[in-house]
Amino acid sequence: MIAHDLVLSSGFLAFGRHCGVLDAIEDGIAAGTFAVDGICGTSSGAMVGALWAAGWPARRIADELSSQPPLRWMAFSGTPWRGLFSMKRVIAHLDQLLPPRIEDLPRPFGVGVVRPDGTAGLLTAGPLAPAVAASCAMPVVFTPVAIDGAPHHDGGALDRLGLTAWRAQRGVRPTVVHLVRRSAGPESGPLPEDVTVVHSERSGATFFSLGDLHGQAEESRLSAVETIGSLDVPSIASSG
Numbered sequence: 044m045i046a047h048d049l050v051l052s053s054g055f056l057a058f059g060r061h062c063g064v065l066d067a068i069e070d071g072i073a074a075g076t077f078a079v080d081g082i083c084g085t086s087s088g089a090m091v092g093a094l095w096a097a098g099w100p101a102r103r104i105a106d107e108l109s110s111q112p113p114l115r116w117m118a119f120s121g122t123p124w125r126g127l128f129s130m131k132r133v134i135a136h137l138d139q140l141l142p143p144r145i146e147d148l149p150r151p152f153g154v155g156v157v158r159p160d161g162t163a164g165l166l167t168a169g170p171l172a173p174a175v176a177a178s179c180a181m182p183v184v185f186t187p188v189a190i191d192g193a194p195h196h197d198g199g200a201l202d203r204l205g206l207t208a209w210r211a212q213r214g215v216r217p218t219v220v221h222l223v224r225r226s227a228g229p230e231s232g233p234l235p236e237d238v239t240v241v242h243s244e245r246s247g248a249t250f251f252s253l254g255d256l257h258g259q260a261e262e263s264r265l266s267a268v269e270t271i272g273s274l275d276v277p278s279i280a281s282s283g
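If you read the sequence shown in our numbering, its first letter stands for residue 44, the second for the next number, and so on.
If you are wondering where the hints come from, they were derived from the structure by calculation, not from laboratory data. Any given hint could turn out to be false.
Label pairs and their computed distance ranges (CB to CB) [unchecked claim]: (1) Glu-261 - Val-240: 46 to 52 angstroms; (2) Ser-252 - His-136: 17 to 23 angstroms; (3) Val-215 - Glu-261: 43 to 49 angstroms; (4) Thr-122 - Glu-236: 43 to 49 angstroms; (5) Gln-111 - Met-44: 24 to 30 angstroms; (6) Gly-192 - Ala-135: 16 to 22 angstroms; (7) Phe-251 - Ile-45: 38 to 44 angstroms; (8) Gly-258 - Arg-115: 19 to 25 angstroms; (9) Val-215 - Gly-121: 42 to 48 angstroms; (10) Ser-252 - Leu-140: 18 to 24 angstroms; (11) Ala-78 - Phe-119: 41 to 47 angstroms; (12) Phe-119 - Asp-147: 29 to 35 angstroms.
Every value quoted in this text rests on a predicted model; they were computed, and no experiment measured them. For each residue, glycine too, the CB sits at the ideal point set by N, CA and C.
Go ahead and model the full structure; you've got the sequences and the hints to work with.
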């Protein structure tokens with residue numbers, strides 16, 4: 044069995060979409076027909092990916108992230124010229140759910156961010172909750188998140204996948220990309236022919252409501268079953 048790297052794209056509040064794909068992958072792991080060796084996530088992909096890398100099952104992640112509207116996690120910023128809302132509540136909550144540092148996770152994990160110099164980057168070490176929050180910190184909406192004293196924000200603003208930076212560190216490995224249809228940020232551009240891409244529609248979520256998150260998850264699970272089932276992992280398709 045060949046282990047794959049998993050890359051989860053940015054996508055506005057696309058938690059359900061990512062959970063559905065991970066649910067399908069869990070079926071393959073349970074059947075012994077699929078393995079994940081490393082994970083890279085940006086924005087919502089970083090949020091879901093970090094929880095999954097920490098050992099949370101996909102359906103439990105969906106329940107956790109849909110437990111209240113996103114607006115309940117948002118606090119007004121004291122510096123609105125840098126962003127209307129602060130990520131402090133998000134970081135405090137993630138600190139209760141995740142290991143302290145990226146390198147504490149059992150698998151290699153990368154978080155797509157925009158670095159202080161305005162370029163796209165990938166965090167593979169350091170404090171985990173702030174890294175994930177930074178990756179979700181949309182410019183103007185949220186203030187940047189300080190990591191080692193320097194401001195970082197939403198990686199999806201420049202690079203929705205972080206695939207190039209991930210492969211620069213990991214090398215070229217069998218890779219499954221979950222690409223949520225763009226709602227903001229740059230186009231992802233053509234992807235390498237050697238990656239397997241699972242496509243999902245936008246979440247349709249808002250800060251007031253995530254909508255039918257579990258329905259979104261099921262749609263993306265079925266898409267993943269169809270796509271990943273075309274690989275040499277037939278038990279994923281049969282277990283759905």
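Consistency of the hints with the structure:
1. Judged by the Cβ atoms, the range 46 to 52 angstroms given for Glu-261 and Val-240 is violated: they are separated by roughly 19 angstroms.
2. With their beta carbons about 19 angstroms apart, Ser-252 and His-136 fall inside the hinted range of 17 to 23 angstroms.
3. The beta-carbon spacing between Val-215 and Glu-261, approximately 32 angstroms, falls outside the hinted interval of 43 to 49 angstroms.
4. Under the hint 43 to 49 angstroms, the C-beta atoms of Thr-122 and Glu-236, about 45 angstroms apart, fit the expected range.
5. The beta-carbon spacing between Gln-111 and Met-44, approximately 39 angstroms, falls outside the hinted interval of 24 to 30 angstroms.
6. Between Gly-192 and Ala-135, the C-beta spacing of about 19 angstroms keeps the proposed range 16 to 22 angstroms intact.
7. Hint check: Phe-251 to Ile-45, Cβ distance near 43 angstroms, so the stated range 38 to 44 angstroms holds.
8. Separation of Gly-258 from Arg-115 is about 21 angstroms and conforms to the stated range, judged on CB atoms against 19 to 25 angstroms.
9. Between Val-215 and Gly-121 the beta carbon distance is about 45 angstroms. The supplied range of 42 to 48 angstroms therefore holds.
10. At roughly 22 angstroms, the beta-carbon separation of Ser-252 and Leu-140 lies within the given 18 to 24 angstroms, and the hint holds.
11. Between Ala-78 and Phe-119 the beta carbon distance is about 44 angstroms. The supplied range of 41 to 47 angstroms therefore holds.
12. The hinted window of 29 to 35 angstroms between Phe-119 and Asp-147 holds, with their beta carbons roughly 32 angstroms apart.
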